[in-house]
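If you want the building blocks of each chain, they are given just below.
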Amino acid sequence: MSEFSLWDIAYNLLLAARWTVLLSLTAFVLGGLVGLLLLMVRTAGNPWVIRLVRGYVELFQGTPLLMQLFIVFFGLPLIGLDVSPWVAATLGLTLFTSAFLTEIWRGCVESIGKGQWEASASLGMNFTQQMRYIVLPQALRIAVPPTVGFSVQVVKGTAVASIIGFVELTKAGTMITNATYEPFTVYGCVAVMYFLICYPLSLFARHLEGKFRHVAR
Amino acid sequence: MAYKFDFGAIVPHWQLLFDGVILTTELTVIGAVVGVGLGIMGAWARASRAPVISQIVGVYVELIRNTPFLVQLFFIFFGLPALGVKLTEFQAAVLAMIVNLGAYSTEIIRAGILAIPQGQIEAAQSLAMNRVQIFRYVVILPALKKIWPALSSQIVIVMLGSSVCSQIAAEELTFGANYIQALNFRAFEVYFVVTGLYLVMSILLRMGLKVLGNFLFERRRHV
Amino acid sequence: MSLVELHAIHKSFGELEVLKGIDLSIDEGQVIALIGKSGSGKSTLLRTINGLEVIDDGVIIVDGKKISDRDADLLGLRLQVGMVFQQFNLFPHYTALENVMLSPQVVKKQSKAEAKQIAEEMLAKVGLADKMMHYPDQLSGGQQQRVAIARALAMKPKVLLCDEVTSALDPELVNEVLAVVRQLAEEGMTLVMVTHEMRFAREVCDKLVFMHQGRIHETGDPEEVFSNPKTPELSSFVGGLA
Ligand SMILES: Nc1ncnc2c1ncn2[C@@H]1O[C@H](COP(=O)(O)OP(=O)(O)OP(=O)(O)O)[C@@H](O)[C@H]1O
Ligand SMILES: [Mg+2]
Chain A
1 MSEFSLWDIA YNLLLAARWT VLLSLTAFVL GGLVGLLLLM VRTAGNPWVI RLVRGYVELF
61 QGTPLLMQLF IVFFGLPLIG LDVSPWVAAT LGLTLFTSAF LTEIWRGCVE SIGKGQWEAS
121 ASLGMNFTQQ MRYIVLPQAL RIAVPPTVGF SVQVVKGTAV ASIIGFVELT KAGTMITNAT
181 YEPFTVYGCV AVMYFLICYP LSLFARHLEG KFRHVAR
Chain B
1 MAYKFDFGAI VPHWQLLFDG VILTTELTVI GAVVGVGLGI MGAWARASRA PVISQIVGVY
61 VELIRNTPFL VQLFFIFFGL PALGVKLTEF QAAVLAMIVN LGAYSTEIIR AGILAIPQGQ
121 IEAAQSLAMN RVQIFRYVVI LPALKKIWPA LSSQIVIVML GSSVCSQIAA EELTFGANYI
181 QALNFRAFEV YFVVTGLYLV MSILLRMGLK VLGNFLFERR RHV
Chain C
1 MSLVELHAIH KSFGELEVLK GIDLSIDEGQ VIALIGKSGS GKSTLLRTIN GLEVIDDGVI
61 IVDGKKISDR DADLLGLRLQ VGMVFQQFNL FPHYTALENV MLSPQVVKKQ SKAEAKQIAE
121 EMLAKVGLAD KMMHYPDQLS GGQQQRVAIA RALAMKPKVL LCDEVTSALD PELVNEVLAV
181 VRQLAEEGMT LVMVTHEMRF AREVCDKLVF MHQGRIHETG DPEEVFSNPK TPELSSFVGG
241 LA
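Chains as they are written, first to last, in full-length UniProt numbering: chain A, 1 to 217; chain B, 1 to 223; chain C, 1 to 242.
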């Protein structure tokens, strides 16, 4: 029926999985940076900026990732920027990631009690010092587990990039299926590979959660 | 040179978008109701003392949570026929959403159950209730109430995620958009408008779930 | 001239007017007890003196300098005025020693050695020389509160504000904290304390301020005020406690 062995399928998928990993890493790092920036301007507290950031978050959390990618992919050419699926996917996923991370981190910063802000203020610290010495060190600890947890969502999100034509794991699966007519095997393998990437991240996030829950400081 | 936006080009095709909204809504409602039902059973199984069942459900949850919805959808629609299970596009989309939400809501509801104070359960035990009665009367409603916001968010995520069902030609909203842009070559305008529609739908869904939550959990207290 | 002067302080939270024109002067070395019913505005008053609440109207003068709500002024104010909270508010990610050292280092830019020396001195003063390397969650409530006092003292404030510093403590831990406060009072520290420990107020304080519905209702020498309240509100407040 087909001249593809299971090994051929797995090998070709593995090659494509590199792009999944690369796209995930890029979007996660860039999205994290943008998210941190948004967190800072938001915590410093100009009401207009706060509203703007909130709108940004709601926009990305209230619309499908696929639409976000489509808008980037079809929108950028309209302002004269011809972009490859790779650039569109990176940009789209970066924005998506930044919105979610900034929201996660906002929760962490807000979970630092008012008392900590007041005590540090009463000791004469300014906003930057409060952030640097009191709030961020504590918020970071709380933030690590959900941040690692969210990385799983980013990896899974990259599958959607296949729809705008970026050849990663899922797209490769479709292409191989078209060549082999063995969708069960191929998509099974694709799923296993995603699982192999995501499950360790999930486990790590859970491990961190347990660890930080027991240590208050 | 400068691109001229033409949102009017969508108007003649509004019926397609309308049908898409309807189908997305149907998918979401069925997926949510059955998916949460599955989640309640899953959470029950996870909390049960039969380790094998608990572990099987655990594997299901981890498998689903650690693979993309799109791949689950492809597996169900393209892969399952190899086992003799042939589904229509709609059936496959609904099944994928149910299976996906079922896994997430199992975890969410389980967290709610674990948050029920042990004293509640002991009190019920002391009143000679059996395990099913305790679950049914003492545990599940407060547990659901506690995690309702998280569950609502997950349902919204599943609704938004259904946009990839266009890839198996399930005729939901994104499918409609794809179809229109193939007719009028106005991809950006179409997706822009459809994004807006999704935003409105997610806001409405969120509000609806909130109202439903109030209804389920506040009124019950007087029964 | 007094160390701290408050003139016609007004403060509202939305519709609710919490401070309705407060005049109060605090002299150097004075120990003032602020008493009154729950919700009468004691905490709010204390917090305005430290700039934690921005006042709507009125004047605050500390050491001859008028305080506006500009950031620079607020930071200057807080260098003069220390605060100890009901809930301790220690920084959980620092040891007792680091809690005390932090602000001298980052705010006053003292060298590490200098900050450490002061911190050790202050921790010894509150009787915690042997707990310096402990994290807050390894300390009892009373010990935590004493660290908080040491932390405020390390900034060498001119005035120390204490808001119900023993209210969150188990009864058997109250005395170790009060002993520290008493010692500070004896050393001549200027103190303003909100307290429900009437016996302590009577013994240690020079001046009693009774707040009622956002105003200073009665004030005077503790001994006299307690034995001979002039207003029915104060006598019912004092009577209610007995
Ligand atoms: N941040 C705030 N926002 C709104 N209302 C507040 C705020 N802080 C205090 N209040 C209100 O102001 C009033 C005075 O509060 P305050 O804390 O000063 O009272 P208190 O005399 O310290 O009472 P207690 O003995 O209970 O500590 C109360 O009615 C309180 O509810
Ligand atoms: Mg108070």
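In case anyone wonders, no lab produced these hints; they're calculated from the structure.
Treat each hint with caution, since some may be false.
List time: in silico DSS-like cross-link candidates among lysine-lysine, alpha-carbon distance up to 25 Å [what the hints assert, rightly or not]:
| # | chain 1 | residue 1 | chain 2 | residue 2 |
| --- | --- | --- | --- | --- |
| 1 | C | K112 | C | K158 |
| 2 | C | K116 | C | K131 |
| 3 | C | K112 | C | K131 |
| 4 | C | K156 | C | K37 |
| 5 | A | K114 | C | K37 |
| 6 | C | K125 | C | K109 |
| 7 | C | K108 | C | K37 |
| 8 | C | K156 | A | K114 |
| 9 | C | K125 | A | K114 |
Beta-carbon label-pair distances, calculated as ranges [said to hold, decoys possible]:
| # | chain 1 | residue 1 | chain 2 | residue 2 | range |
| --- | --- | --- | --- | --- | --- |
| 10 | A | A179 | B | M41 | 58 to 68 Å |
| 11 | B | I116 | A | L203 | 18 to 28 Å |
| 12 | C | E15 | B | I53 | 53 to 63 Å |
| 13 | A | L140 | C | S111 | 50 to 60 Å |
| 14 | A | H207 | C | D137 | 48 to 58 Å |
| 15 | A | L140 | C | A124 | 27 to 37 Å |
| 16 | B | Q91 | A | N178 | 15 to 25 Å |
| 17 | C | D73 | B | G8 | 31 to 41 Å |
| 18 | B | A115 | C | K230 | 51 to 61 Å |
| 19 | B | G84 | A | V192 | 51 to 61 Å |
In silico contact screen, one side only, chain A against chain C (beta carbon under 8 Å); selected entries [said to hold, decoys possible]:
| # | residue |
| --- | --- |
| 20 | M40 |
| 21 | T43 |
| 22 | A44 |
| 23 | G45 |
| 24 | N46 |
| 25 | P47 |
| 26 | Q116 |
| 27 | A121 |
| 28 | Y133 |
In this text, a Cβ means the ideal position worked out from N, Cα and C, and glycines have one as well.
Verification of the supplied hints:
Between C/K112 and C/K158, the direct Cα distance comes to roughly 23 Å. Compliance with the 25 Å bound is thereby established for this hinted pair. The hinted pair formed by C/K116 and C/K131 meets the criterion: a straight-line CA distance of about 14 Å does not exceed 25 Å. Note on C/K112 and C/K131: the hinted pairing holds, with a Cα-Cα distance of about 19 Å set against a maximum of 25 Å. Straight-line distance between C-alpha atoms of C/K156 and C/K37 comes to about 31 Å, which puts the hinted pair past the 25 Å bound.
Distance hint between A/K114 and C/K37 is fulfilled; the C-alpha atoms sit about 24 Å from each other, no more than 25 Å. The suggested pairing of C/K125 with C/K109 holds, with an alpha-carbon distance near 23 Å, which does not exceed 25 Å. For a cut-off of 25 Å, the pair hint linking C/K108 to C/K37 is broken: about 38 Å separates their Cα positions. Distance restraint check for C/K156 and A/K114: the Cα-Cα separation of roughly 24 Å lies within the 25 Å cut-off, and the hinted pair is therefore satisfied.
Restraint check: the Cα-Cα separation between C/K125 and A/K114 comes to about 28 Å, which exceeds 25 Å; the hinted pair is violated. For A/A179 and B/M41, the Cβ-Cβ distance of about 40 Å falls outside the hinted range of 58 to 68 Å, so the restraint is violated. A hinted range of 18 to 28 Å for the beta carbons of B/I116 and A/L203 is consistent with their spacing of about 26 Å. Between C/E15 and B/I53 the beta carbon distance is about 57 Å. The supplied range of 53 to 63 Å therefore holds.
The hinted range of 50 to 60 Å is not satisfied by A/L140 and C/S111, whose Cβ atoms lie roughly 27 Å apart. For the pair A/H207 and C/D137, the supplied restraint of 48 to 58 Å is violated, since their beta-carbon distance comes to about 22 Å. About 33 Å separates the C-beta atoms of A/L140 and C/A124, a value consistent with the hinted range of 27 to 37 Å. In this structure, B/Q91 and A/N178 meet the distance hint of 15 to 25 Å, their C-beta atoms being roughly 23 Å apart.
About 58 Å separates the C-beta atoms of C/D73 and B/G8, a value inconsistent with the hinted range of 31 to 41 Å. Between B/A115 and C/K230 the beta carbons are some 54 Å apart, a value that agrees with the proposed interval 51 to 61 Å. For the hinted restraint 51 to 61 Å between B/G84 and A/V192, the CB-CB distance of approximately 22 Å leaves it violated. The beta carbon of A/M40 is not positioned within 8 Å of any beta carbon in chain C (closest approach about 18 Å), and the interface hint is therefore violated.
Taking 8 Å as the C-beta cut-off, the interface hint given for A/T43 is violated, the closest approach to chain C being about 16 Å. Residue-level restraint check for A/A44 is violated (minimum Cβ-Cβ distance to chain C is 12 Å; threshold 8 Å). Checking A/G45 against chain C by beta carbon gives a least distance of about 13 Å; that is not within 8 Å, so the hint is violated. About 14 Å separates the beta-carbon of A/N46 from the nearest beta-carbon of chain C, more than 8 Å, and the hint is not met.
The restraint placing A/P47 at the interface with chain C is violated, with a minimum CB-CB distance near 16 Å, outside the 8 Å limit. Against a cut-off of 8 Å between C-beta atoms, the interface hint on A/Q116 holds, since the closest Cβ of chain C lies about 6 Å away. For A/A121, the interface hint holds, the least distance from its beta-carbon to any beta-carbon of chain C being 6 Å, beneath 8 Å. This hint holds: A/Y133 has a C-beta 6 Å from the nearest C-beta of chain C, less than the 8 Å allowed.
When held up to the earlier numbered hints, the structure conflicts with 4, 7, 9, 10, 13, 14, 17, 19, 20, 21, 22, 23, 24 and 25 and fits the remainder.
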